[in-house]
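Mind docking chain B on chain A? Use the hints.
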Amino acid sequence: MIKAHQINYKHKEFHILEGVDVSLEYGEFLAIVGPNGAGKSSLLSVLANEIKSGKQNILFKNKPITAWEIQELSKHKAKFSQHNSNDIPLEVKDVVMMGRYPYFDAQPRKEDLEAMNNMMYETDVFHLKDREYNTLSGGEKQRVHLSRVLAQLQNDIAHKLLFLDEPLNNLDVKHQYKALEIIKKFTQKANSAIVVLHDLNLAAQYADKILLMKSGKVSAYGTPQEVFTAENISEAYNFPCTICDHPITNNPMIIFG
Amino acid sequence: MKTQSKLYFYITISAILLVIIAVWSLNTGVYDFGGKSAFEVLGKVIRGDSGLSLSDKYVVWDVRAARIIMAILIGSMLAVSGTGLQGLFKNPLATGDLIGLTSGATLLAAIAIVLGGHFKQYLPEAVQFSLVGISAFIGAFLSMMLVYRISTSGGKTNVVMMLLSGVAITAIGFSITGFLIYISKDDQLRDLTFWNLGSLAAATWTKNIILTIVLIISYIILIPKGKALNAMMLGEKDAQHLGINVERLKKQIIIMTALMVGSCVAFSGTIGFVGLIVPYILRLLFKSNYAFILPLSAIFGSILLLTADTFSRSIVAPSELPIGILTALMGGPIFIAILVKFKKSL
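Each protein sequence line maps, in turn, to chains A and B.
Sequential numbering from 1 applies to the first sequence in this note's numbering.
Sequential numbering from 1 applies to the second sequence in this note's numbering.
Hints were generated in silico from the structure; no laboratory data involved.
Misleading hints may appear alongside valid ones.
Claimed, not checked - In silico PhoX-like cross-links for lysine-lysine, where the CA-CA straight-line distance does not exceed 20 angstroms:
#, chain 1, residue 1, chain 2, residue 2
1, A, K52, B, K250
2, A, K3, A, K75
3, A, K52, B, K251
Bound conformation, chain A alone (with noise of 0.2 angstroms):
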């Protein structure tokens, strides 16, 4: 799916990636965890293609990202920012229906409206289609570009790949469960996804693949069970935390302190 060997970036003189390797399989979800400014969503960017800082050497698909043709490249990965605009003033159907523009000129098709109208019932946003984005709340801003990111992959091209930073932010619990269900649904169907996560709990229970990083590197990366040691993560975080089987799943379950 992607490869990408030796990622470095720095801002000014300050590294912020240092060599980081990161490979990911059809069908994978790879979560990627760590402590404030350990460069998450720094690699999330370089993976995407968002930073073009020269030598980055990625493969998508096998093909050097940057040789690919941007519309093109748009059917095959999204992206869910950190940072989403606070300032869009449109209707909510609007919005997601931005994540169909690389498929139709100027009129959407029949089905434009119906992966807008899908997407935004998975996400639990359709009673609010009519209403103006910028009177939502947060965690409802949140499903709305969910939506629009989920929208925009709906095709019929194999192994997609999606790419999530911190889409839980303001989510409650319910809504937090849903995103990920419909993450995980979708890299049941070979797609694959890269999600950086602050819970680690829900990474445990969710993801296929765990990314650890400190300070730019990557410090751990496996399975959740070869990830969530104690060690581990008391030294990425620099904070105690025991390990035990959740009492359901048997997946790790981290309690802090």
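Positioned in the frame of chain A, the structure of chain B alone reads:
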């Protein structure tokens, strides 16, 4: 689907309105056709009737009709350039006159008028003929680049910087134009006064043909950009993820608005506020959906300027009020309304 037919509906309605205003405008004026209406005369002009007196033909065809068409072309382009700039800067205060494009164009046009005589003979003939127009375009383009560089970094526009750089460019333009007025000869002085006030009185069919060509070129590129400008509201990076070539889009808007503003200034001087008023009214109806307001501003701009121009030449007849007075009278309060609305976010 539904939204699209709604757009065509509004376009049709406003186009009909524009035609009605044009008809009214053609029949408005002090000249007496000896009992006939202006339409009879126009009909004869079109049929090539030989019984038509030369002065009747001149008034209807070369004065009124030419002026109406010019008002339609200039109004349309000023409004579309305003809407395009607002999409680029993501702010409803960005218009050619407020951010200094008009001043830049006027300044270089003034230089071409006053100093053009000294170097004109060294230039190729085609350039000589359109020297003022080309200078106005270059002036608009340079101011645009300057304002964009000063006010925008990392895809975010600082609105205060944008407006203040407009003020700075206008101040420079004002002082140099003042100096040029001081050193200019009599006939140049008349030309310069015309730029500063703005008027459609100098309309001719040759100018209209040039304006039509500019309009067609820029609309082919700009009018389909409604979706892209909507996506820009998400931020440049997210627009890129939606398959929009942001860098190319920005370049196209910068060049095309400079071209439109430059041509408008070259042929009609500085007519202010059209690019502010029209998008403001359309936003009240359609929010900021550029897929609607971009094509509709093309027609509403014409409606606004044609109405204003017809009033300007009829309310104090047989004299004429400078059209800029009317547009500023409408634009000023709207400027204040936008400021009040954005008081917190500016």
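query = Is the straight-line distance between the alpha-carbon of K52 (chain A) and that of K251 (chain B) 20 angstroms or less?
reply = Holds, at about 19 angstroms.
_Checking one constraint from the list: CA of K52 (chain A) to CA of K250 (chain B), max 20 angstroms. Satisfied?_
Holds - the C-alpha atoms of K250 (chain B) and K52 (chain A) are around 18 angstroms apart, at most 20 angstroms.
* Asked: If you draw a straight line from the CA of K3 (chain A) to the CA of K75 (chain A), is it 20 angstroms or shorter?
  -> Between K3 (chain A) and K75 (chain A) the Cα gap is close to 19 angstroms, so the pair holds against 20 angstroms.
Of the numbered hints listed earlier, not one is contradicted by the structure.
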